[in-house]
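Novice: Below are the chains, spelled out letter by letter.
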Amino acid sequence: MTEEKTMVTAENGNRILKRRDLIRTWLRWICWAQRCYNYERLMGLGFCQAISAVIEKLFPDKEERAAALSRHMRFFNTENNWGAMILGATVALEEERAMGHSVTTDVIDSMKNALMGPLAGIGDSITQSIVKVILLGVSIELAVQGNVLGPVLYLAGFTVYALAVSYITFFSGYRMGRGAATKLLASSSTKSLTDALKIVSMIVIGALAAGNIKVNTIAAGTFGGSEVVLQNVLDSICPKLLPLGVLALVIYLLKNKRKSSVFILITLFVIGFALTFLNFLG
Amino acid sequence: MTEEKTMVTAENGNRILKRRDLIRTWLRWICWAQRCYNYERLMGLGFCQAISAVIEKLFPDKEERAAALSRHMRFFNTENNWGAMILGATVALEEERAMGHSVTTDVIDSMKNALMGPLAGIGDSITQSIVKVILLGVSIELAVQGNVLGPVLYLAGFTVYALAVSYITFFSGYRMGRGAATKLLASSSTKSLTDALKIVSMIVIGALAAGNIKVNTIAAGTFGGSEVVLQNVLDSICPKLLPLGVLALVIYLLKNKRKSSVFILITLFVIGFALTFLNFLG
Amino acid sequence: MTEEKTMVTAENGNRILKRRDLIRTWLRWICWAQRCYNYERLMGLGFCQAISAVIEKLFPDKEERAAALSRHMRFFNTENNWGAMILGATVALEEERAMGHSVTTDVIDSMKNALMGPLAGIGDSITQSIVKVILLGVSIELAVQGNVLGPVLYLAGFTVYALAVSYITFFSGYRMGRGAATKLLASSSTKSLTDALKIVSMIVIGALAAGNIKVNTIAAGTFGGSEVVLQNVLDSICPKLLPLGVLALVIYLLKNKRKSSVFILITLFVIGFALTFLNFLG
Amino acid sequence: MNHVVLALVIAFITWYVATAMPMFLRWSCYLGGPLVGGFVCGILFGDITYGLEVGATIQLAYLGAIAVGGTLPSELAIAGYLGTALTMSAGLSAEAGLTVAVALGSLGLLCRNAYMTLNSIVVHKADQYAAEGNARMVRLMNQYGSQVVPFLCYFIPGFLAMYFGSQAIESLMAVIPAKVITALGVTGGLIPALGIGLLLTYVWDKRFLPYAFIGFFLVAYLNLSIMFIAILGACIAVLYMFAADRREDSK
Amino acid sequence: MNHVVLALVIAFITWYVATAMPMFLRWSCYLGGPLVGGFVCGILFGDITYGLEVGATIQLAYLGAIAVGGTLPSELAIAGYLGTALTMSAGLSAEAGLTVAVALGSLGLLCRNAYMTLNSIVVHKADQYAAEGNARMVRLMNQYGSQVVPFLCYFIPGFLAMYFGSQAIESLMAVIPAKVITALGVTGGLIPALGIGLLLTYVWDKRFLPYAFIGFFLVAYLNLSIMFIAILGACIAVLYMFAADRREDSK
Amino acid sequence: MNHVVLALVIAFITWYVATAMPMFLRWSCYLGGPLVGGFVCGILFGDITYGLEVGATIQLAYLGAIAVGGTLPSELAIAGYLGTALTMSAGLSAEAGLTVAVALGSLGLLCRNAYMTLNSIVVHKADQYAAEGNARMVRLMNQYGSQVVPFLCYFIPGFLAMYFGSQAIESLMAVIPAKVITALGVTGGLIPALGIGLLLTYVWDKRFLPYAFIGFFLVAYLNLSIMFIAILGACIAVLYMFAADRREDSK
Ligand SMILES: OC[C@H]1O[C@H](O)[C@@H](O)[C@@H](O)[C@@H]1O
Ligand SMILES: OC[C@H]1O[C@H](O)[C@@H](O)[C@@H](O)[C@@H]1O
Ligand SMILES: OC[C@H]1O[C@H](O)[C@@H](O)[C@@H](O)[C@@H]1O
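Protein chains in written order, with my numbering: chain A, 225 to 506; chain B, 225 to 506; chain C, 225 to 506; chain D, 1256 to 1506; chain E, 1256 to 1506; chain F, 1256 to 1506.
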């Protein structure tokens, strides 16, 4: 902590970039990094736009500027929010290079390449499997009740998350330079944070399953003279057994049989139609 | 794991017994091991019946067969399901002996003697104090509501348990021979499994207590002009205080005073009659 | 444990004080130690009264007795219940001194001084922040419902606590002499006991907050043609958000801004009046 | 069903459960005797709800019954099947039935001790066949020889109790004062404490006692179903196992 | 009860709780002053429900009151006993009574400071007796000498406040606009946040904060009773202790 | 709103969410497409409740949709915005709408693949400007050049589908037998299992599986709200973190 602080102060003296340069770079990233999305370079051009103003300021010389822009046009892809850390670190290194420190372009390029994968990994799982799920879970429940707060909460929550995470990672990337992500990825509290997020995620997913998978049997028969409604029998053992069964089937197909979503979708259609026509579900 | 696998394969080549011999032995055990139950030998004769076909196959010579049958007629007692492991191991050793390996009858007999106690210990507590309790707890609740699923679930659950456990232990006993039970009893996950089962058991027992011990006082009096019903007063502090008290008394008598069940039964009768005639309970 | 026991027995032979002397000393402490409360000596005179009979018995010589009484008139302050341990230890040391063992008055006085702070610390937090809170929490809930058991339970519970703790600490102080409190304060189970008490306390405080801070907004407006009641909107996100907000504000002022209770009281009055007159609360 | 036939059927079932059933069914049908007995008698008497109620009430007293080393605190086949049947044919309340069953269960230990002792004869016969190397006869001894004494010990007293008992109990009940009936009911509410108390002392582990309290108060305050509590408990238990294994590993 | 007698009784109780009670009762009756005061006044005024409501409401503001090193944030004997009594005799709502009690409690610190300072005189007298070795007189000083000043400091102002106060408050309330009454009620709902906030900062432990949230939301969503939550908390706490001790051991 | 205008607006929104939005909004509006789309269409069609119902139902099928490495299992802008709008304008039930949306989402991958491939052209143009050191034109390429192809790929098919589609679907629905409608409804209840199953396999961690069961049964038995469960989960998670950190430290 203290070490890092002194580092920052020590370097601050000769810094070329102002805070507004950094803010603008971050804003361009978080707004337009996927604007020209394409299979060839993915976020490559977006990265270049984001860093372009910094490059203009650091390298007034046209040759140098052209070379730098071209280098940052290359293939680039990472997670939208956490990946801002790489941009921050790149800006810091380009600045050091402009200030004449011994940073080569090779170092910069290989850092970009080395970090984009790991940050995509951690970022994707947190953003899409965890934060999104919890927000969607709460919001869908409200929406189903016809409450407009559902989508509003979801949008507000996700937006705050995206802006906050990208801001923090961008600036810590800038402050710590190359070491930033390495540190982040190695820290044991990232591990226990991910574990903790998984716990919330798991419990919310379980709750979503019970609330949203809807299967009721309409089967009934007479047993010992009196009518027996199968659904009541199942409920007296434990409610929501059929939804649990369907979910178990899907997970079995996904994990053990490694079936695709499309296959499962079709399976569910077939099951739904077959059991409806057999008067089992309804 | 791998070690054990290779062991099996290595020996498989010359095995005399077929899978059906083993299945039949297991079946005879799990069906008839307590058929001729008696204080002198307990499951001795049952054990002998179970292993008899194996003995016939392994020792065609009449002398040898008679000796083997007589040896397996001795006193034997263990837990019905987990104890099948000893039978499995005995079969394996008898087979090795028949195949001419250096296994003496002494080794076999002392293994049987050494293992029957520990397996009875672990088996009795899991089968009777834990599995039975959880199944009964759930089933009694249903039965009290007049739901036939109560006994049906109980019978189905217990039967699956008995067949599955005995099958698995019998065959792992056979595969691992002498070492089987020793390994089982020493493993740390047996320990944490027992702990885990205890947790479920404890919570279910607590729930059973609150749901099934029924004590209500009918005492009432006037206090400051208004009528006070004692049961309401107790409930406002905390519901089910009296059942908790009765349970605490029984546990105190059992654990601290080491009283017998019969003594406690009589005590409960005396309390029940006395407090009813005193118009305290009703 | 055994060590301590033998110590007691070993010394018992020549003890001058009888059990009734000790009981009377403890009773005087627990009844009158704060009777002549004052800023100059706090519990000084109370301590002296408590130990006075012991001094009379141990030091029949008037000079010695006068000196001892004067020494125990000095400033003294600790927690009412846990602090009885110091009295117990002091009695033991004075007795040893009277029996001619090498205990100087200096040792006694400095022990009193050394222990009164730590025992006040541990005692105050357990008695006032934990035990009191749990008892009050449960009792207020009953009282709010008009149930007289509220105050009755509170008084009974607190009284049992006070008598039991002081009795136990006094006598263990007497038995273990000087080492008592040192041992207590160092033991790791005191630490985990405090932790455990904190857990109960925390959960009860949280429950108290939700049940007893009462804030409801009466704001309403029309949104898209239909009337929207703000309180309903908030409740559909999560109930009791406003009370949580007020509590968060108070804690922020207390912990981060280090404001006094009086300041916060005034703040709450100002907020209450302002928002009522603005027709936001009501 | 004709009273004689009924008595025959009940006596038969009692014997079958007590000694003849396949072992994998035996402990479930035996230790859960009253519950299963209530079900079976419910079907036989054509009133399943009544049967289940009586069976479940009696079962609670035997929750803690454990068969260890061949010994047993009560003869559960008799308490469970004969007891339930007698209760139902006399039309008693479940609580009164509990008293009947408990009494019968204790008496029944006589039957049990008789066959557990006398079956030695069969074993000695089997010893002879074993010494001759005659495996088949050893098996026959275990299969059929073993059932001679038990059949006499359970079937005959069972039939007699069933044939004469219900009448006797009915007349008895008719003369008992109302207050005693109430007291029997009250006692019936207390007796499950014995079964549960026994259980708790078997499973006793100070470290896990708080779970018993959690279970207790979840029912006392929220009236949750046992199945739900068992599921919750299982989830906690699995989390505990993983944590314990991790601790082991990190050592 | 006659108004004069009532005023005398309340004044007496206020003094007794403030300084004269046996110490083992003192902190419970003092720190829980409003709760106990509400109970006592409920009996005296013949309306226990009203008394309990007023007392419980006032108590919430003092949940976090802690007496450390002889200092106190408010004079709880006066807030709790005199405050409740005045509120009830003026027939105020519990929320309005809270305002009255809080104000009185602050004023009451004057009484407290007076006797805490002046009692030094008694102590110095006791010093003399000690120096003479006269243990009996030392005890008499503590027992009786100690109560002269407190009696004057609590009994007299208590009596006067009670005798004249309720009338004054009633007239005051009559002229206050309805909106202000509402605002007092609203503020009365906010003030428990202070008591609870103080408590939370005393017990503060980042590691256990989630438990506070659990408690909060168990009430917010499920409206569970505090007793149940306290029992649950205790079970968790005991499980925690065993786990912590095990960790210790395994080191 | 006029049908043409409506078709134009929906087509516009579909394009905008698919490729033009600021990135910090994009993933939320895209991965949560149906939910947000239901809301937006609810406003546009003047029936928010209906919109929310349709949107939430469709969203459940896509709970597990994850955009990794530029690939996607379905075109969520089309399923979410166009799908919801078509469902609503044809007046279908939410379950029938789910079928429509899922079909559209799969078709929509064509649009997506088209622009993801063709946008390379823009990038190569930008390469030239970069080589000239012309940062401004590089930015213009990313900002505007990038939108030419996507606009064609989403806006035009979107408009056509919206303009002609609702009529077509309505006529189709009119001839479908009732049993098929029921079956669609039943299937609509099953499909969330796919979304939830996908999610669970992504987050899969054997150690934490019991929490999924706890969540499941808390809803199944007690019907608790997701927000409450999420709060509970968060509290447990924080307790877990502190415990894990402590374990780390003590190593
Ligand atoms: O104790 C081992 C074993 O002994 C006897 O065989 C019976 O009581 C069994 O139920 C028990 O498992
Ligand atoms: O702080 C120690 C001690 O100081 C004073 O004596 C009082 O405030 C007590 O309540 C407290 O326990
Ligand atoms: O996987 C990294 C990254 O790849 C692409 O850019 C998109 O799918 C993003 O959503 C994802 O975060």
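Heads up, a few of these hints could be off.
Said to hold, decoys possible - DSS-like cross-link-like pairs, simulated, lysine-lysine; straight-line CA separation at most 25 Å:
#: 1; chain 1: F; residue 1: Lys1380; chain 2: A; residue 2: Lys415
#: 2; chain 1: C; residue 1: Lys415; chain 2: D; residue 2: Lys1434
#: 3; chain 1: A; residue 1: Lys415; chain 2: E; residue 2: Lys1461
#: 4; chain 1: A; residue 1: Lys281; chain 2: F; residue 2: Lys1461
#: 5; chain 1: E; residue 1: Lys1380; chain 2: C; residue 2: Lys286
#: 6; chain 1: C; residue 1: Lys415; chain 2: C; residue 2: Lys483
#: 7; chain 1: C; residue 1: Lys438; chain 2: C; residue 2: Lys407
#: 8; chain 1: B; residue 1: Lys479; chain 2: D; residue 2: Lys1461
Since the hints were made in silico from the structure, they are not lab data.
Remember, predicted model here, so these are calculated numbers, not experimental data.
Novice: If a hint holds in the structure, say so; if it does not, say that too.
Specialist: To see whether the hints hold, each was checked on the structure:
no.: 1; hint: Lys1380/F - Lys415/A; result: violated, 43 Å
no.: 2; hint: Lys415/C - Lys1434/D; result: violated, 55 Å
no.: 3; hint: Lys415/A - Lys1461/E; result: holds, 20 Å
no.: 4; hint: Lys281/A - Lys1461/F; result: violated, 51 Å
no.: 5; hint: Lys1380/E - Lys286/C; result: holds, 19 Å
no.: 6; hint: Lys415/C - Lys483/C; result: violated, 30 Å
no.: 7; hint: Lys438/C - Lys407/C; result: violated, 45 Å
no.: 8; hint: Lys479/B - Lys1461/D; result: holds, 13 Å
In this structure, the hints that do not hold are numbers 1, 2, 4, 6, 7, in rising order.
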